[in-house]
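J.: Sequence:
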Amino acid sequence: MSSSKPKIYLDTNILVYHLMGKPQKLAQQSGRLLLDIEKGRYTGTITTWTRTEFLGVIKTLLAQSNNRNPSTDEMLRAEKMLTDLISELGLELQDADVLASQAGQTRLFAESDKILRNSSAVQRTDGKWTAIKGADSIHCVLAQRSGAQELATFDEDFRGISIQGVRTLIVRERY
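Just so you know, we're using the numbering used here here: the sequence shown kicks off at 1 and counts up by one.
It cannot be assumed that every hint is accurate.
[As the list claims (entries may be wrong)] In silico lysine-lysine, DSSO-like type, Cα no more than 30 angstroms apart, as pairs:
1. LYS39 to LYS25
2. LYS39 to LYS5
3. LYS114 to LYS133
4. LYS25 to LYS80
5. LYS5 to LYS80
6. LYS133 to LYS59
7. LYS59 to LYS25
8. LYS128 to LYS59
9. LYS5 to LYS25
10. LYS7 to LYS59
11. LYS128 to LYS25
12. LYS7 to LYS114
13. LYS22 to LYS39
14. LYS59 to LYS80
15. LYS22 to LYS133
16. LYS7 to LYS133
17. LYS128 to LYS22
18. LYS25 to LYS7
19. LYS25 to LYS133
20. LYS39 to LYS80
21. LYS59 to LYS22
22. LYS128 to LYS114
23. LYS80 to LYS22
24. LYS80 to LYS7
25. LYS22 to LYS7
26. LYS80 to LYS133
27. LYS39 to LYS7
[Unchecked claim] For each label pair, taking beta carbons as the anchor points, the in silico distance ranges come out as:
28. ILE170 to VAL57: 15 to 25 angstroms
29. LEU76 to GLN28: 19 to 29 angstroms
30. GLU88 to LYS22: 18 to 28 angstroms
31. ALA110 to THR48: 12 to 22 angstroms
32. ASN67 to GLY165: 40 to 50 angstroms
33. LYS128 to LYS5: 31 to 41 angstroms
34. ARG117 to ARG172: 25 to 35 angstroms
Bear in mind the hints are in silico, worked out from the structure with no lab data behind them.
Here a beta-carbon is modelled for each residue, glycine too, at the ideal position from N, C-alpha and C.
With the sequences and hints as input, model every part of the structure.
T.: Given below as structure tokens:
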């Protein structure tokens with residue numbers, strides 16, 4: 001991978017929509033973004049925090065759709081789907097613990113708290129109000145520490161934040 005390509009940090013929802021294939025429109029938009037990564041337009045990056053959040057979302061979706069706790073095998077298949085996607089696209093998988101403890105950086109949770117407190121509530125395209133939440137403020141800090149120039153997401157609440165050196169890409173608006 002060339003370091004001259006812009007680095008884009010992928011929010012968990014992009015991976016969930018793509019691998020689950022639904023909602024269809026969001027899965028298609030995720031697919032177009034991931035195709036840009038595959039074609040070399042971007043260097044895609046995620047963290048172990050993204051993987052953890054992905055598995056939590058998948059566990060919930062499987063439990064809701066099957067009306068039971070997912071089996072270990074089902075969860076291992078979901079993790080393999082993600083691992084295969086990371087490999088196929090050549091995504092960087094950065095260790096969130098390493099990024100959290102980088103020398104000379106403020107503490108991860110202190111920085112994510114600062115992002116949350118300095119954010120603005122925003123009105124979504126459907127008219128409802130939303131604001132950045134705790135897990136997403138952690139993604140913001142990790143995106144910055146990963147060296148990403150953009151953070152790609154479907155979450156409109158990211159419009160209300162400012163991350164030094166990282167632009168927010170709302171996927172539904174570009175893809």
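J.: Which hints from the list above does the structure break, by number from lowest to highest?
T.: Failing hints: none at all.
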